[in-house]
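Peer 1: So the protein sequences, as listed, match chains A and B. Using the numbering used here, the first residue of the first sequence is number 1, and each one after it goes up by one. Using the numbering used here, the first residue of the second sequence is number 1, and each one after it goes up by one.
Just so you know, the hints here were simulated from the structure itself, not pulled from any lab data. For clarity, every value in this text was computed on a predicted model and none was experimentally measured. Some hints could be false.
Said to hold, decoys possible - What follows is a list of derived Cβ distance ranges for each label pair:
hint : chain 1 : residue 1 : chain 2 : residue 2 : range
1    : A       : 389       : B       : 254       : 48 to 54 Å
2    : B       : 444       : A       : 64        : 54 to 60 Å
3    : A       : 335       : B       : 209       : 29 to 35 Å
Unchecked claim - In the DSS-like style, the derived pairs of lysine-lysine whose C-alpha atoms are separated by at most 27 Å in a straight line are:
hint : chain 1 : residue 1 : chain 2 : residue 2
4    : A       : 302       : B       : 96
5    : A       : 427       : A       : 354
6    : B       : 333       : A       : 148
7    : A       : 135       : B       : 328
8    : B       : 273       : A       : 148
9    : B       : 56        : A       : 45
10   : A       : 99        : B       : 390
11   : B       : 277       : A       : 148
12   : B       : 436       : A       : 119
13   : A       : 141       : B       : 363
14   : A       : 66        : B       : 273
15   : A       : 141       : B       : 333
16   : A       : 124       : B       : 436
17   : A       : 279       : A       : 427
18   : B       : 207       : B       : 273
19   : B       : 363       : A       : 158
20   : A       : 307       : B       : 157
21   : B       : 361       : B       : 44
22   : B       : 328       : A       : 124
23   : B       : 277       : A       : 141
24   : B       : 472       : A       : 343
25   : B       : 157       : A       : 302
26   : A       : 343       : B       : 157
27   : B       : 361       : A       : 66
28   : A       : 135       : A       : 124
29   : B       : 156       : A       : 343
30   : B       : 333       : A       : 99
31   : B       : 44        : B       : 249
32   : A       : 99        : B       : 328
33   : A       : 158       : B       : 249
34   : A       : 99        : B       : 217
35   : B       : 363       : A       : 148
36   : B       : 327       : A       : 124
37   : A       : 302       : B       : 156
38   : A       : 158       : B       : 277
39   : B       : 156       : A       : 148
40   : A       : 119       : B       : 390
A virtual CB, placed ideally from N, CA and C, is assigned to each residue, including glycine.
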Amino acid sequence: MKKFFSKTSFLLMAMIILTNTAQAAPKIQHWKTDNGLGVYYVSAKELPMLDIALVFAGGSARDGDKPGVSKLTSATLNKGADGMNADQLADAFESVGAKFSSSSRLDRSSVGLRTITMKDEQEKAIDTWLKVVGKPSFPTKDVERSKKQALISLQAEKQDPGSIAIKAFYQHLYGSHPYASPGNGTEESVNAITADDLRAYYNKHYVAKNGILVLVGNITRDQAEALAQRISKNLQTGEKAAAIPEVTPLKESKTVRINFPSSQSHIFMGQMGDKRGDKDYYTLYLGNHVLGGSGFTSRLMKEIRVKRGFAYSVYSYFSPQRELGPYLLGLQTKNNQVDEALKVARDELNTFLKDGPTKAELEQSKKNITGGFPLRTASNADIASYVAMIGFYNQPLDYLESFSSKIQAITREQVMDAYTRRMHPEKMLTIIVGQQESKGTNNEKPTSKGSNEK
Amino acid sequence: MNKIFNRYLLSALLISAIIPLYAKDVAKNAEITTTTSSNKVAVKTLDNGLKILVKKDSRAPVAVIQVWYRVGTSYEHEGITGLSHALEHMMFKGTKGRASGEFENILAVNGARNNAFTSQDYTAYYEIIASDRIEVAMELEADRMRNLVLDEAEFKKEIEVVKEERRWRTDDRPTSLTREQFNAIAFLNSPYRAPVIGWMVDLDTMKLDDLRDWYSKWYAPNNATLVVVGDVDAEQIFTLAEKYFGTYKKSDIPVAKLRTEVEQKGLRSLVVKAPAKLPYLRMGYKTPAFINAKDNAKGNAKNPAEPYALEVLANILDGGNSARFSKKLVRGKEIAASASAGYYSMGRLSDLFVLSGTPSKGKTVDDLKTAMLDEIQLLKTDLVSDEELKRVKAQVAANDVYDHDSIDDIASTMGAFESTGLGYQLMDDFVPGILKVTAEQVRDVAKKYLIEDHLTIARLEPQAIESPQVDKTKDSKNSSKGGQ
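Bound-form chain B, shown alone:
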């Protein structure tokens, strides 16, 4: 049953335009899985500003092609949330030269797998295709960069699809709903407070003109990165890129307002009541991100090692079955059915260090909260052991190898780093940065950043779901009924 259920989820994802509503979770994973020898990355920027990154991997005769635009929820403002994602859906609906559906048909007969995803900081489109057919994908991607047709009738239907997606991802999932409201409380003015899919009222009031405006503002060669990983030759990719994307002119890309989150002045907490069976706890501390360390390194140099130390700290708590949460909270005291720690640090803006979980049978959310906060306190007073530090470093180094198994993961890391302003070179710096972290640095970042005044706590309080009523009908006439 488990297998089937997994399959069902997989199919559902494969056939749908995916947005990582949990883009932060993806980014979190990316942290321990992103180092690759980027000296083998071939780079070129076309005259119109399109940046191209190519990495060769000839294990299989396939390639992944991704086009990344620097636009996402964090570029939106209140009232238009979800616009970047809705536009992503409309990007499959035809161009001046190609009718709606043609795009998919061309890729289908070429055996391509394709989709798109939107996060807070970027919108990306991809094709995975036999490497001798990459030109097909390049031509299609270039076409929709500037020639999209936004049709009212298509939009009317597609926005309903997006609303169904919202119901499916968030409204009917109590933990997702809690996460969404938690973000809106944790951030006051940072755009990270809004959900990627958008608030329902914003979807209800979205207009085609909003999408037109968004498309013309952000979809331009000088706001995009083309990433290709696979059995390809860099020079050939550069030539094809010049041929298909090189004809477009640069455009004036608006500068996104800073919107730096105001300093939090004390503990925030919220309760979410929803039909559910299991309680859920989510806590987040305001923390600096890699982008802040990068800025620091450039100018007002201060603590570029801090994000690495926070990353190690997250892995001390939750880096597998041997980490503290597993050992002490899930086993040990048996307070948690599940407990995780994640440092969201790869965005273009600073974000949160998040602790979340579900209490075990007979324990409460408060028990879990206390146990997690005790663990945080311990990190401030006691140095982590050599064995723990060694374990985290071994995992980071090994994960770097495992990550190379998937060409789309490698491409996604490169594209995300480039699109958030971190730069694809972070792939080179990451493992060495982690290897340098000391126990003292871990303690120091815990003391400096994991403080109550910068904490937000959300609890899901389950509301009764009535025992499901079941109606069974033997309807042997189904076939004739359906056949009309």
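Extracted from the complex, chain A is given alone in its bound form:
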């Protein structure tokens, strides 16, 4: 045993020789396996490691009438498979230093593996992973534990004003649309979910035609093809999941105040943003870089933090999904400063919509985005995450290579045009979670009180 380890570690150390010439953007190779699984592969030979990810159209948006089921499926996937129990699976992965991961987001469910590419270790890690991906058993005891954990997560959300605020933001922005479905579900929905519900979710979504495979690391194209074939054979062919319905934008402005015993209030403002592949994607992205996306050089940061000391963190972003994701502006400030901070944020947003960015600001943002682009794909982990996005949302394979030139070509007029068409300051959602300060005058009159949030 001792011999094995010293051998392994010294071999690994010897293999870490970083001498290859730097590449501007990673080259993505794409093909389909026999049963329809799309493969996205990037060769990265410098480190003796491999990242694998399966990404399926799933996520909490497909929870239907069982909110929480997607996340519970992710959480229970590695708790039993092909005759192995949770302990045995964990031992099998970790005895070779492999890392299993699984996650459920808004509209996708992912299963990942990170392993070293020493032959025996890699084989054992992949064998185990294939069981988990292809033959999970969802044992009742483990499902029940996952449910208890989900209930604990719901409690954790309730003691954190930021979590309460972001949850309320999604619920009020999306209403009855599936994007409003809370990832951890509700107490009622989680209690009602059974092991069979998890199996049904798995059987429907974790199938070849409904997913893509990402491979980034130290394997050859031939090895990648063989591995992809093996992985896809291990999955049911299945069908593509139903499309997510279109999103309906807010019809009027709405402010929601939620009382919470915190020293700061958490503020989220926003509306519908854009989707992946949106014709305005680059324009909105560049504009927001000036407004709230570029850290200390953004207008929001300068006005709210640097000039006034109102907040530690203030930002805005678009979060494009398969359908329209949100545009969101966030900040936290001490309770008695909420009205002032909110006014500055709204003023900045409205000024930006009225006058747009200056030529100089736009130039600075373009330089920052294009000059900093190589930073985005500096690690295998970064590359794998971009490739997953590109593959899952059917973005062009030259997405990374062409990003900078697309940003470069945008004019100030185009930014103003896009923001005028897409942003509607008269239809904004504002969520404020914190201790209400009664200032007497100018308080917005609530239309309903004491209704139960969440």
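Could you slot chain B onto chain A? The hints should help.
Peer 2: Only chain B this time, still in chain A's reference frame:
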């Protein structure tokens, strides 16, 4: 939703001056992730004492540049806590030659990502930038090493930002609040008792002169390390460093008082009451750190292997889904919703071995405490199995590879080791040190250090949060109201 929420956190971090208030947790992670072949590290010390470490990684045309100062909370005393961190914030506010904001603008047009962080033992500043533009970052970092302008009006606003940061990180987070008070009770005289961000009253009474004094004391080439990792040439970095930093003179750096923690003479415990939904338990044993083993190796040689054994012990309990806490407490008996063990051992002073967690539904903090202490007891009586030891070693070796995926992680490890006095060479010694650990050594450190007289126990007792009241307003006039 999960994705969005993660994004929100990420954005919040990226755009803000970060302090790892949980610097210890970061250090804990660093332990199993820090070995790299440091024979490829090029080292040079300038005449003025600035030490330079360069490591080449040409996978992408980028580089990370970090300047580390040996000053942090553990150099402060009571009444001035948070001073190092507040100064870190002010380091972005202009120099004699550059107005406030210029620094950020120059980096922005060069596509750089930049920020800073403060811990108990160091304050560090960094830029990640296309490797053909590193000179820009070097010039800016050199400038603010000695030419900072500390302006009263800027300070007045920025200290309010720091207070907002404190509310956000600690005051409104029940587990953070518990951790902060736990440290203040676990340590009597060690400076590790104070929070990195500082007590609120110290922020309220902090003066610009305090910052001036701190800056002139500690910000000097002979109290700093320049670390560069990426697609760079060491000779070129040395030349640039000489050009921009080489002009400064050495200064007299004060010697930090020892303040070695007095021996604990019995169990300590505390209760923290805060608005919360979930109880939380945090327990810590006084343990030696790598720095103690290093001192021992030099002179009064004694047990340099102990920190490695404690590190393995932490991984036996909590090194993934197959570790004992996961297997036995989270699954198995289902006592814990979460349970972790962390050995804080990479600082310049000795620290704690910490057990923490939240009981599962229907279980109490006492159930969790008993179960965790039973696990500690078991480590004292029974040898850990070959399989467990083998698993931990495989993970440490693999993590060493995974860590090389991030140039900023590698740079941070080098900088932290150098700044705490451990020396960047620990990157070389770490994996072999772990591989040598035996089951007997694990049992022996458990018996020697994980004893009740050296234990502190904190419980968070949740106080009711009233069912949130919701007020909804349809305010279709928002736009005109905001437009003025």
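Peer 1: What's the verdict on residue 361 of chain B and residue 66 of chain A, does the C-alpha distance respect the 27 Å limit or exceed it?
Peer 2: holds, 21 Å
Peer 1: Taking 27 Å as the top limit, are the C-alpha atoms of residue 273 of chain B and residue 148 of chain A close enough?
Peer 2: Measuring from Cα to Cα gives roughly 24 Å; hence the hint holds.
Peer 1: Given the hinted pair residue 141 of chain A and residue 333 of chain B, is their alpha-carbon gap at most 27 Å?
Peer 2: Given that 27 Å is the threshold and the Cα spacing comes to 12 Å, the pair holds.
Peer 1: Regarding the pair residue 135 of chain A and residue 328 of chain B, is the alpha-carbon distance no greater than 27 Å?
Peer 2: holds, 25 Å
Peer 1: Can you confirm whether the C-alpha distance between residue 302 of chain A and residue 156 of chain B stays at or below 27 Å?
Peer 2: Between residue 302 of chain A and residue 156 of chain B the Cα gap is close to 15 Å, so the pair holds against 27 Å.
Peer 1: Using the Cβ atoms, figure out if residue 389 of chain A sits within 48 to 54 Å of residue 254 of chain B.
Peer 2: Since the Cβ atoms of residue 389 of chain A and residue 254 of chain B sit about 50 Å apart, the hinted range of 48 to 54 Å holds.
Peer 1: Could you grab the alpha-carbon distance between residue 119 of chain A and residue 390 of chain B and see if it respects the 27 Å cut-off?
Peer 2: Within the cut-off at roughly 18 Å; holds.
Peer 1: Holds or violated: 29 to 35 Å for the Cβ distance of residue 335 of chain A and residue 209 of chain B?
Peer 2: Given range 29 to 35 Å: holds, Cβ gap about 31 Å.
Peer 1: Residue 99 of chain A and residue 217 of chain B were given as a pair; does the straight-line alpha-carbon distance stay at or below 27 Å?
Peer 2: violated, 45 Å
Peer 1: With the threshold set at 27 Å, check whether the alpha-carbon distance from residue 135 of chain A to residue 124 of chain A stays at or below it.
Peer 2: holds, 16 Å
Peer 1: Does residue 96 of chain B sit within 27 Å of residue 302 of chain A, going by the straight-line distance between their CA atoms?
Peer 2: holds, 21 Å
Peer 1: Does the structure keep residue 158 of chain A and residue 277 of chain B at a Cα separation of 27 Å or less?
Peer 2: Satisfied, since the Cα-Cα distance of roughly 7 Å is no more than 27 Å.
Hints 14, 18, 21, 33, 34 and 39 from the earlier list are contradicted by this structure; the remaining hints agree with it.
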